[in-house]
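Visitor: Based on the provided sequences and hints, a complete structural model is requested.
Number of protein chains: 2
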Amino acid sequence: MDEIQQYMREKAEQVEEKLGEYVKEAPGVPKSLKEAMTYSLMAGGKRLRPTLVLATAEALGGEEAKALPFACAVEMIHTYSLIHDDLPSMDNDDYRRGRLTNHKVYGEAMAILAGDALLTKAFGVMAEGALDAGLPGETALNLIREGAVRAGAEGMVGGQVKDIQGENGKLELEHLQDIHRSKTGDLITFSVRMGALVANATENQLITLTGYAERLGLAFQIQDDVLDVVGDREKLGKPVGSDEEKNKATYPALLGLAASRDWVRNLVEEAKELVRSEPGIRGARLLAIADYLVSRES
Amino acid sequence: MDEIQQYMREKAEQVEEKLGEYVKEAPGVPKSLKEAMTYSLMAGGKRLRPTLVLATAEALGGEEAKALPFACAVEMIHTYSLIHDDLPSMDNDDYRRGRLTNHKVYGEAMAILAGDALLTKAFGVMAEGALDAGLPGETALNLIREGAVRAGAEGMVGGQVKDIQGENGKLELEHLQDIHRSKTGDLITFSVRMGALVANATENQLITLTGYAERLGLAFQIQDDVLDVVGDREKLGKPVGSDEEKNKATYPALLGLAASRDWVRNLVEEAKELVRSEPGIRGARLLAIADYLVSRES
Numbered sequence: 067m068d069e070i071q072q073y074m075r076e077k078a079e080q081v082e083e084k085l086g087e088y089v090k091e092a093p094g095v096p097k098s099l100k101e102a103m104t105y106s107l108m109a110g111g112k113r114l115r116p117t118l119v120l121a122t123a124e125a126l127g128g129e130e131a132k133a134l135p136f137a138c139a140v141e142m143i144h145t146y147s148l149i150h151d152d153l154p155s156m157d158n159d160d161y162r163r164g165r166l167t168n169h170k171v172y173g174e175a176m177a178i179l180a181g182d183a184l185l186t187k188a189f190g191v192m193a194e195g196a197l198d199a200g201l202p203g204e205t206a207l208n209l210i211r212e213g214a215v216r217a218g219a220e221g222m223v224g225g226q227v228k229d230i231q232g233e234n235g236k237l238e239l240e241h242l243q244d245i246h247r248s249k250t251g252d253l254i255t256f257s258v259r260m261g262a263l264v265a266n267a268t269e270n271q272l273i274t275l276t277g278y279a280e281r282l283g284l285a286f287q288i289q290d291d292v293l294d295v296v297g298d299r300e301k302l303g304k305p306v307g308s309d310e311e312k313n314k315a316t317y318p319a320l321l322g323l324a325a326s327r328d329w330v331r332n333l334v335e336e337a338k339e340l341v342r343s344e345p346g347i348r349g350a351r352l353l354a355i356a357d358y359l360v361s362r363e364s
Numbered sequence: 067m068d069e070i071q072q073y074m075r076e077k078a079e080q081v082e083e084k085l086g087e088y089v090k091e092a093p094g095v096p097k098s099l100k101e102a103m104t105y106s107l108m109a110g111g112k113r114l115r116p117t118l119v120l121a122t123a124e125a126l127g128g129e130e131a132k133a134l135p136f137a138c139a140v141e142m143i144h145t146y147s148l149i150h151d152d153l154p155s156m157d158n159d160d161y162r163r164g165r166l167t168n169h170k171v172y173g174e175a176m177a178i179l180a181g182d183a184l185l186t187k188a189f190g191v192m193a194e195g196a197l198d199a200g201l202p203g204e205t206a207l208n209l210i211r212e213g214a215v216r217a218g219a220e221g222m223v224g225g226q227v228k229d230i231q232g233e234n235g236k237l238e239l240e241h242l243q244d245i246h247r248s249k250t251g252d253l254i255t256f257s258v259r260m261g262a263l264v265a266n267a268t269e270n271q272l273i274t275l276t277g278y279a280e281r282l283g284l285a286f287q288i289q290d291d292v293l294d295v296v297g298d299r300e301k302l303g304k305p306v307g308s309d310e311e312k313n314k315a316t317y318p319a320l321l322g323l324a325a326s327r328d329w330v331r332n333l334v335e336e337a338k339e340l341v342r343s344e345p346g347i348r349g350a351r352l353l354a355i356a357d358y359l360v361s362r363e364s
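Residue numbers (the working numbering), protein chains in the order written: chain A, 67 to 364; chain B, 67 to 364.
Calculated from the structure, these hints are not laboratory results.
Incorrect hints may appear among the rest.
[Said to hold, decoys possible] In the EDC-like style, the derived pairs of lysine to aspartate or glutamate whose C-alpha atoms are separated by at most 20 Å in a straight line are:
id, chain 1, residue 1, chain 2, residue 2
1, B, K132, A, E204
2, A, K100, B, D244
3, A, K97, B, D244
4, A, K84, A, E129
5, A, K100, B, E130
6, A, K112, A, D357
7, B, K170, A, E174
Every value quoted in this text rests on a predicted model; they were computed, and no experiment measured them.
Guide: Below you can see the structure in the form of structure tokens.
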């Protein structure tokens, strides 16, 4: 395992430990609800979003302990979105990362409620994290407001609506990109911006890092589509070719495999160049994360 | 219509106008999602929670304009909870307030997402409202944190889990009260506390008003159960006796109708006495709202 994978593994473990505490600590929560929340929170995965929060804060010399609650908050939002997306009335998936989906284990009602609870908790964790970190009130409130926009109707939830409505229909490239910008890009961008804001980024640093995150988010999505065509079932934890089977619009389907891969490489180069160009960012980890995204197999 | 009903009608209209703006203004939201969100937000109802935010702020001499976003936020949370509660996998209700439920009109997927979007938006509206009102950062962040607790796994969502698990089973009185304290009480208490915090309540005033709200919330729930037995179908907008049909545990079923009604009256008297006893609260409206809750027919 090379250095960046080691780093990501460490950050994932830190985040998982803290996530476990958040759910375990909460008083008066029905046992079954705690179980359902924990099941999906602890389902593993790369923990890309929280790692980006932590790595960005670190790149600006911020304290990791102050960034950790925000890392957990974004993972809670991501996890809730997966639980709801998997529901029978949405993507109707029985498996995710090789395990039964939440509603297959706990039933639909509990899956919906576990998702609702995680989403709600995320905002509480952000507010608490801001208080504990002593963030300026205005910074913290703007961050929460931005989180609501990027995770909500204008962002991730809106993206899921567009995605559902686009399924089984022909999608133009621009439309596909618009879906992904909101469905997955917004939360990735929010992760990087949270890390930056917690570490007192300058306005210029924030703009540069936002550009990095936007390119990373798009590259990540295209690479996901590429892996769905060429990936290894074992490593992916889901059947290869499942997008094609669902007649989903994907980048390889629209552009071909070679062009999709070139695009990923270009986006990653641009993202890295942005980070390198900005003074005051110790960006080695951010560069390595970008490289990892191209080389990954799952 | 007497004065308090007139007042509640006016506040409801103010809240509805502002709610409409919040959804309409949001850029980049898919049209279908806006429609589904608006359908349930504009489904009428007493708007008890937002009215409590506004009336409490007013009782402490706070500015109504500063309280209005928080009033809208709590109504968004309430509305999302109704949409999700009505889903086929939960209460499976086709009608609410005499209109088709969200999922009957827009389908299950859209209903889930419209609920998710409203919940998310609520936190954005609180953060924005706090910034616009110039609330101290610490007050605002504590308020958001409390909202997440009261609306989340520890509060409303947890209450819905307990409620689902209690259906078709015998429930003791204490357990029933615990369900309602979290399922409906927490959000009513949060409404009053938000109004108080926005208006710079003293610590004593906050404690007193919390006591008022807790009694009001319980009285409201018992009265709901009473109306389900003795109410008028037209006024209720749902079939009378629907709780009994679902074999739901209710206060009249556990205590009898007369004792349930007495309890409501006692709780309302206690709530009113608290408000009267606290210096610096111009509580006429809060008293009238409590009285209205006993006399209402829907």
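Visitor: Hint by hint, say whether it matches the structure.
Guide: Structure-based check of all given hints:
The suggested pairing of K132/B with E204/A holds, with an alpha-carbon distance near 16 Å, which does not exceed 20 Å. Taking the CA atoms of K100/A and D244/B, the gap is near 17 Å; set against the 20 Å cutoff, the hint holds. Taking the CA atoms of K97/A and D244/B, the gap is near 15 Å; set against the 20 Å cutoff, the hint holds. A hinted pair counts as satisfied when its Cα atoms are at most 20 Å apart, and K84/A with E129/A qualifies at roughly 16 Å.
The straight-line distance between the Cα atoms of K100/A and E130/B is roughly 38 Å, outside the 20 Å bound, and the hint therefore fails. Between the alpha carbons of K112/A and D357/A the distance comes to roughly 15 Å, so the proposed pair stays at or under 20 Å and holds. Pair hint K170/B plus E174/A holds up; C-alpha atoms about 17 Å apart against a cutoff of 20 Å.
This entry does not satisfy hint 5, going by the numbered hints stated previously; all others are met.
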